[in-house]
Each structure stands twice: as C-alpha cells, then as structure tokens.
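Chain L: place on chain E using the hints.
Protein chains: 2
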Amino acid sequence: MGVTIEFEPAGLRVEAETGQTVIQAARGMFSFESGGISAPCGGKGLCGRCRVRLVEGELSPSNDTELKLLGEKELSEGYRLACQAIITGPAKIEIPPEILAGRQKLQLEGTGVSVLPEPPVSRYNVPLEPTSLDYPHSTWQQVELFLARNHGLTDLRVDPGLIGRVEPLAGEGTVTVTVRGSEIINAIFNGRARKPLGLAVDLGSTKVAGYLVDLETGATLATGGILNPQIAYGEDVISRLAYALEGEEQYDRIAGVLRDGLGRLLHDLCDAAGVVPQDVEEAVIAGNTAMHHLLLKLPVGQLARSPYVPALTLPVEVKARDLGLQMAFGAVAYLVPAVAGFVGGDHVAMILSSGIHESQGVTLGLDIGTNTEIVLARDKEMLSCSCASGPAFEGAHIYQGMRAVDGAISRVEVADGGRELFYETIGGRPAAGICGSGVLDAVAGLYRAGVINYNGRLDASHPRVRFNEGRKVAEYVLVPAEKSGSDRDVVINQKDISEIQLAKAAIAAGTKVLLAKTGLTERDIDKVIVAGAFGTHLRLESAIAIGMLPPLPLERFQQVGNAAGDGARMILLSKTARKRAEEIARRIGYLELAAMPEFSNTFLQELRFPEIT
Amino acid sequence: MGVTIEFEPAGLRVEAETGQTVIQAARGMFSFESGGISAPCGGKGLCGRCRVRLVEGELSPSNDTELKLLGEKELSEGYRLACQAIITGPAKIEIPPEILAGRQKLQLEGTGVSVLPEPPVSRYNVPLEPTSLDYPHSTWQQVELFLARNHGLTDLRVDPGLIGRVEPLAGEGTVTVTVRGSEIINAIFNGRARKPLGLAVDLGSTKVAGYLVDLETGATLATGGILNPQIAYGEDVISRLAYALEGEEQYDRIAGVLRDGLGRLLHDLCDAAGVVPQDVEEAVIAGNTAMHHLLLKLPVGQLARSPYVPALTLPVEVKARDLGLQMAFGAVAYLVPAVAGFVGGDHVAMILSSGIHESQGVTLGLDIGTNTEIVLARDKEMLSCSCASGPAFEGAHIYQGMRAVDGAISRVEVADGGRELFYETIGGRPAAGICGSGVLDAVAGLYRAGVINYNGRLDASHPRVRFNEGRKVAEYVLVPAEKSGSDRDVVINQKDISEIQLAKAAIAAGTKVLLAKTGLTERDIDKVIVAGAFGTHLRLESAIAIGMLPPLPLERFQQVGNAAGDGARMILLSKTARKRAEEIARRIGYLELAAMPEFSNTFLQELRFPEIT
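Going down the list, the protein sequences come from chains E and L.
All letters in the first sequence, in the order written, are residues 1 to 613 by full-length UniProt numbering.
All letters in the second sequence, in the order written, are residues 1 to 613 by full-length UniProt numbering.
It cannot be assumed that every hint is accurate.
Chain copies aren't distinguished; within one or between two, either way the pair holds.
No farther apart than 30 Å at their CA atoms in a straight line, the calculated lysine-lysine pairs in the BS3-like style are these [stated by the list, open to error]: (1) 319 - 575; (2) 495 - 68; (3) 319 - 579; (4) 575 - 195; (5) 319 - 297; (6) 297 - 495.
If you are wondering where the hints come from, they were derived from the structure by calculation, not from laboratory data.
Here chain E stands alone, though its shape is the one from the complex:
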C-alpha cells in the first residue's frame, strides 16, 4: 500500500510502500548529498548509525536489535533504526543531520528514464565441479566449456587482471561470470552475486549526481549527489584547467580529488541501497568537456584557450579501476562523447533523454548553467552552441545570492507597482538570501512593475528602492531584517540586475544566432526543452518576461529536470541508447559563437529587456 512519508528537517515527501524499511523509503528522496540515509553496515542492523526519530504517525513496533543498539531511553523518545523500522502508514520522520552527508538540494530526478534494459553486460551462472584426474578442468576451463556449450560463446577473453584473481581449483559450487562484449569482467562465487548494477554519473562543474541502477529492471536503487570536490581549486572551469596546467603534481591532485569523490559517491550509493560494489559492473559518466578531461587526465592546454578544442570527442572506455572506482574488478567506465570544448557529453545525454534528436519540427533545447548549452533541431538536423551565462542562476555573483537550499527565496511575486511583494523560501524557513529562480522572478516582477526600466536600471525614486550607504549601489528591499533569517535586509541590487542581464543576454543571443544560422525565427519553434536544475525550477513566465526565453505560448515549453542524468542512465542501461548517443554526438553541428561577429552584436542588443506585452 502506498503511503506518504515526510522526512524532516528537509520537509521532503516521498511515496513509500508499507512493508518497506525507513531506509528503503528514504531512497525515494532525491535531494541529499548522501543519497538517502547513510548505513555503514549496509542496513544489517549492526552499526546503529541509521538513527532516525519518529515525529508523527506510526512505524512497526521496535525490535530487539533496536533495543540493543539504541537503548530504552532513546526508544521512548521516538528514536528508531532506519534499517529496522518498517513503514506501516503515513509518518513524519526526522533524520539527524549527522547521518546525511550534506543538505544541498540537487536536481536528480528528471522526467524519469524510460528505456528497455539492454545492458552491455550479461551474467551467467556456471555450475562447477571439483577438478580431478577424471575431470581435469580448472575453474576458468569449466567456465569456458559451459559458456561455449550452453550459450554458444566461443570468442571470449578474460580481463587479464581477473584471470589470476580466481581460484583455479574452486571445487564444487557456482560461479557467476559477467561478459561484456567478448570480455569476461567479473566472477563471483557461490551465490554471492546479487543483481547486476550500474552507476550513472552526471558530472558537472558544481554538482556530481550519481545513480545506482539495477541493470536488469532499469530501476534506480539509490540516487545521490556531491559537490564537485574540484571546487576547492576554483568555482569556474578555467581556474581548474589553469591549476591542472601548473604541473604534473597539480594535475594529479585535481584529478585525484574528483576520482576520490566519485569513489565516495559510489560507496555511499551502495550503502544506501544495501548492495556491494562488486555487483556494480558498468559505469557511465556524462560530463561537460572540461570535467571529462580533468577526470581522465587528458591534455587540457588546448581546452583552456581559444579555440577551446577537446583532446578528443570519441567515446572513451576505461577500466573503472583505473579511475580509482572500486566496483566489479573488470568493470568499464564509459564516458559519453563530447561535441566541442564547451558542449560535452552531458549535452549529448540531455538530447538523448529529451528526445530532441528524433523530434519533429523545430525544437530548441537549453541546458542552463554556468555555461548554457543550446541545441536547435530541425527534423534530424541539430546545431549546438555554448554561451557563458555565468553563475548568477546558481546564486553566485548575486549580492545576497545563495544556492537552492533551505531559507533561499525561490519564488517572488511583485504586486501593487512594486510596493508589495510576496515570496516563498525553500523549506519554509525565514529568508536568508535568494536563489536563481527567486532572482529571476524578482527581476521579472520588478521590470513588469516598472521598478526596473528596459535598460535594467532601478527607479531610484521608488519607495522600496534605496542606496546602500556604504556601497553607493541602488537596491530594492525584498525582506526587511526583522522578517529575515539573517538579521539583515534581504535585497536585490543594481549589480545583481546587471548579472541577470548578462546571463539572459548570452542565452538569448545564443538562441538567436542559432536561429539565424538555420534561417529560422523564434516563431518557427514548435517546442522548447528547458533542462537542468535551475531550468526546471525557474518560472517560465519570468524567463520569457526578461527575454531569456523566446516569447512563445507556455504549452510549447517543457521543463525536463536533470535530463543529462536521465540520459546517462539510458546510456548505462541500453546498448541501443548508447549507440544513439554516439550518433547524436557525431551528428550535432557545432557553432563556435566566439568566431561569429554577429554574436557580439546580438548580445549587446539582448542586454535590454523586451517590451512589455
């Protein structure tokens, strides 16, 4: 029976089934770095770490394991072990912060993956007999004979490193071997193999989202995200490339932190799903081109300066162990091919999952981030470009900007000519700052209310506009200090508006140049796909109002969430989808905006806000 469980303090509601443990129910959460509740013992009731508190509603009666690990006092206060307590009805459950690795809200679930599982790896259970003079066959020989006789597989190889890791005289039992192409990549003895799993990763400059997927059913067993640990070496991509270029040691370090991060992410996902890494037999990584290169330690000098070319745009297959990923011994990590220096495998994955490559008519696709990748598809022709839209929509470079975490203003409604203002914050907390969608709403609302003019200038005579004494910058007060969560006024200022103008102008100019190059106008667009975390949360009316998105009827828009993550999962699950992704990467035309004088002109025009209709 389906019931709703609300997790505190995030206030996240998930649909769970009665009979599930709380840990299992928590896997439905999509928004925590740890990918749910951390259970170091794998949910076996051994470590007592997955301590949660029942706030409202009911759970199964506590058991002996919980009594032993929590004690009577904690039980009486409502504490439970998430791996033992069973969902019996609706409940509100508090997860103490210490068992969550972090609290940043990430967009991990998009439109959902819909693909027939057809994974690149196949498992076979091979019965083994003891080796004897009458049956003089070693373990691998028995595997060879069995696969040839029963499955017609005669063209096999074994990962050379795996050969010696298998006991030659294993004796009676079973070995589960995994075949990828013609290579045997995994061997698990005596029923310890559970189900074949895969790891899909959307590798962004800021966020790294991971999905642990059941390769047989296609089900996502756990999702999680981490901040890209390379942030320590620069928020922007160019700083990180520059760091890597300082020397071998620096490159090792910046690649190493990312590899370590991926390793932890995989570990946490396995923990959350209660599985072991040896069952994870394939990884797919879709990332922007710079992250792709920095992960693989490819040459990046040419990526850091014009014309910003990738070292290569072929798919890369590398043993996962060579990236430090501890999964099945011979598992392969597949890196989705990039298109250009600023159009990466994540863009390819986005196109795949949103179906842009096979859409009819004219489709515009935007994956909005620090760099915004835009694709214009007419029938089967695709042309992409990338424009530097900056980090304003992630809350950076905004005076009181913040990421989309608790306390961030995420929705703004301007009324009464700007004299009144309504807003929502994430988690319903007192406003501590403003995130991308909030800034967008605020600018659009203030523009429509006339508080901002078409050049983006704040009306200094407006009653809520003032000059910040120290900074001589005009600002509009969104939330006065007495109502805020930060003991100071939450404002939006003239510079913030300029940042938004720069960002929206880049996106709009990119779109227009693509259209011009293709001989089309905005009116010809049949469908607009808006992808990415910010793209999913933004209010379309606001984005249209400031001229970031084309002025089309709302029904032509589709906000698809983390389409790159969805695409990565499709590529993980299906060989057909993988082929298709490679075709997409080859087929996309790339427009280098830096090489086009008309881009600069259009960009300058687009700094203005459009006429109010």
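Below, chain L without anything else, positioned relative to chain E:
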C-alpha cells in the same frame, strides 16, 4: 641476381641478392641467437661493430666509412663492415663470434609460412590541418572525422593511455594511426611510420625463438633466438613452477627474467632488421602451458601437481606494455590458447601450420622435446596427449651429450658389426660430444649391428665395448681421444642407452595409446608429421629402428621444422588463421595419460627395441 653466401664459422649458406648489404644477407641465416649480425647503430655505419671478414669471393670495394672505422690494416686483412659491404657475387664471409650473441643452433625456419596477410591491425594516414577558430578540431578530432568520412569507421575507441600521448594541436602534417578491432593503438607523426610489423614468438622451456614479420607482405625480416633465461631457475618446468610458488618475490623474479629476455629479443630483432620498435604493432606468443603461465604470472599451483590443469585455456590478449614489451604503445600481445597442462599453444600452432587439423585420413603429429606432444587426427577429429620424453634428445642426461652446437656428433653410421663407425659433427669440428640426433643414430646403428640387444644391453664382449674403470658402466667408444676435440674418448654408455629407451618408450606408448583409444593401429596412419628442432634433424630410419616412430614407409613422414614458430607467424599475420587456431584449441580432445593404466603397461613393453626386420 641470386648468389650463395657462406657464413663462417657456422658454415651456413644463404641465398642472397646482389646489391644487398652483408647484414641484409645475414638475415637469411636462421641459426643464431642474435638473429643475424648485431649492429648497435642500426646499420647506419656509425658504430663499426658489425666487423666481418671476407674469406673467399668478392664484395663491393670498401668505402670511406669503412676506412674511417676499420683502418687500412684491417681492410687489407679482408675486414669489412657488414652494413656497408655490398654483395656482388658468391662469397664466404667470416663472422667473428663477438658480434653474434651466441652460437647455439636453433631451428627457427620450418616449412615456411604460407598465409595471406590479413593482420589484426590496419594503418591509416590522416592528413592534419592546423587547429584554428575556423577549424576548431584537435588532432584526435581530425582523426575521428577522417576515419569516419573516408573509411566509414564510426565505432572507434582510443587506447585510454594513448589519448594523452598525442599532441592535441599537432598542426599541419600527417599522423599514421593504427586500428585494431575498434581500438586505435598507435599514432606516429609525419611520415616516421615505416611499415607495420609484428613479433611472433615460439616460447619454449629451453629456447625462445622470435620472428620479426612485415605485416603487409608477410615477409620475415629478422629471426633470432635466446635461451630461455628461466633456465637459471631450473632446466625442467616443474622446478621453475616450484620456484614461482615460493612466493610473490620469486614469482616476480622468474616472470621478470623471461619478460626481460623477450624485450631483449625484440630489441635485437629490430636492430637486425634496422627498424624501430614503435612500428611493431602486434605480438603473438605460442608457448607451452607452463611458460605461458609463468610469463603472464597466472596461478601455477594447480599446474605443478596432478591433474596438472592450466588456469585457463582461453586466448589471452594483454597490452604488450604490461608484459614489459616496448613496442607500439597500445600494441596487444596475443597468447595462443593452450589445451591442457602439458599441451600448450605451441602444439596448437604446430597443428595449424602443419595442416593436421584439415588433413584427410589419419595423421599423426609429434612435436618432440622434453615433453613430446602427440596428436592423432582422423579427418577432423583430433586427440592429443603429452608424454614426458625427457631431455635426452637435447643432449642432456647423456654422459657426453651436448646441444646441437659446433663439434657435436650429429650423424653416426655403424658398419662392420660395430667394429667400424663413421660420423659427422656440426660445423665439421673435431668431436667434442654428441647431440640428440647423433645419440639416436648411434643407438639405432649399434642395435642393428648387434652391439646392443633388444633389452638395450651393450654386448660386453664386443671389441669396442669396455667398462669405464671408475664408473663400472659399460660403454662403447665412438671417437678415441686422439681424434676428439676434447682430449678424451667420446663414448656412449649403458645409462645413455637407458635414457634413450625411456624417451622412445614414452613417445611410442603415447602414440599407441592414442591409436588404441581411437580404434586404430599404426598401419592406419597415412601421414606422420615430425616437428621441432630435434624432430627435423633426426634420421627417420634410426627413429623407426629403435621403435620411437611407427614402422611406416618413409614417404609417409614429413619433417616440418619449427612448426610452432611457423604457426605463431601465421596467427600473427592472419585473423583467419587466428580464428582457426582458436577452433583447433577448442576441438582437440585431450587424453590424460596419467589417468590411464594401459599407458604404464604399454610404456613398459615399449622399453624394448623392436624386432629387426
């Protein structure tokens, strides 16, 4: 024009072409460890090391390089540089021992390879343009585009380690890339690629023979051999396995010396052919099962004790660099699959090159060595076994035995009831001892002359038979000390005869058990293939006389030389041959003689010599 060149002191004749240098002509020699004349500078006339002496006939007049490096005195004595002197007609040329790595005679050329080159690697020359804003493509991107557009190759990968070894902005020029399957394994810039080469290796316990092959024409450019450096850890296979089993460090060491040896062999072959290792793009290694395992560092515990099973019998493909072989960066070493613990990839290669797998009627194939592998083929059915024939035929365990090197008695003719004896030695030198073919002839001749009876006992009353005073062992004097090259009588003694009885009994019993198992008799055999160095040099009449080979008309026998080496070259050159080798490995039935009581009985019977007919 073809002329004959005789090389001293080996007395080897090769067919050469006028216009070739002496070094080039020497590559036709097959019998030296160094694979010809060692030329450290690569035959460029820089080092002066390849000093040879013209003994008879003529060469081109000496040039300035020779004058500079040899001086007038040496030139006047007939010394020349082998890299400078040109063949102009027949000649006899002396090669000083110091420029030959060793002097052991190895059987390297067999029946000769006859196979249509169809190598697993293909080269493509890709024209490159400078990367610019108008042409924003890196080197790999240009390769990708070129191969897709001009060769329809769209499913490529690059060896991950190779990606970063290529300059991303190579600029104008050409890059030659090599594709293996769907993987790019090599990239050579600006015409430095010469021709694609391959390395074939016949990896024996005692001898390692290497062939450097032109993958386009199939020509063997250089051949060479080394003693297996593992001999230092035991002449026999079991001692080496035992050493490897002592611990990780020991295994590293014994695998390491072999890998190092292969590396030196490759290096010497490249030197001899005047080529660079980066052009060597594939290696094929056919070895006995123990050598195969010890090279790859596979588990060997199970190989050292009954039932002696290999860790695996699938083909192994490993990056050559992981075996320490410095060839093209991404080159693969392919190890021919084994059949059983004592039936290795060399046996498979032997069957392939001698065509046993597709012969009509009944064919018996023997590769005689310390272990003798025997295959019995009836139409397409093949059954193999291995028997421990011991090292007697390599001169070991024979009182005055020696390898087939200069001074070894290699042919013996017994006349006048054993009172007279004629013999030949290798190189025509005074007799220093006796090698395998000589021992075989001597035993056969003495048996036919009645000096040895059917039980192998020497007739103590024979005038040339005496008792060695110190050792109380009957012996027959082959060469008295005054005529020998060793200041002592060269003899054959009762123990030597026993060794030959043990060896021949093992081979004969193996053959008979195979026949019995297949419901055949010796008379049903249509063809007998005798392979291996000893097998090629032995006198068939002698082998038949002592009962080692079946008593069949001589025209049914074929001595095919180093058929394993030939097979290795075929597998290197042709994907079809490779497939066929894998089929052979799968199809061969294996008879474990140790599991068959009838083998012991037959063996005991076969210790006797057959009736003289």
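(request) Kindly indicate which numbered hints from before are broken by the structure, ordering the numbers from low to high. (result) 2, 6
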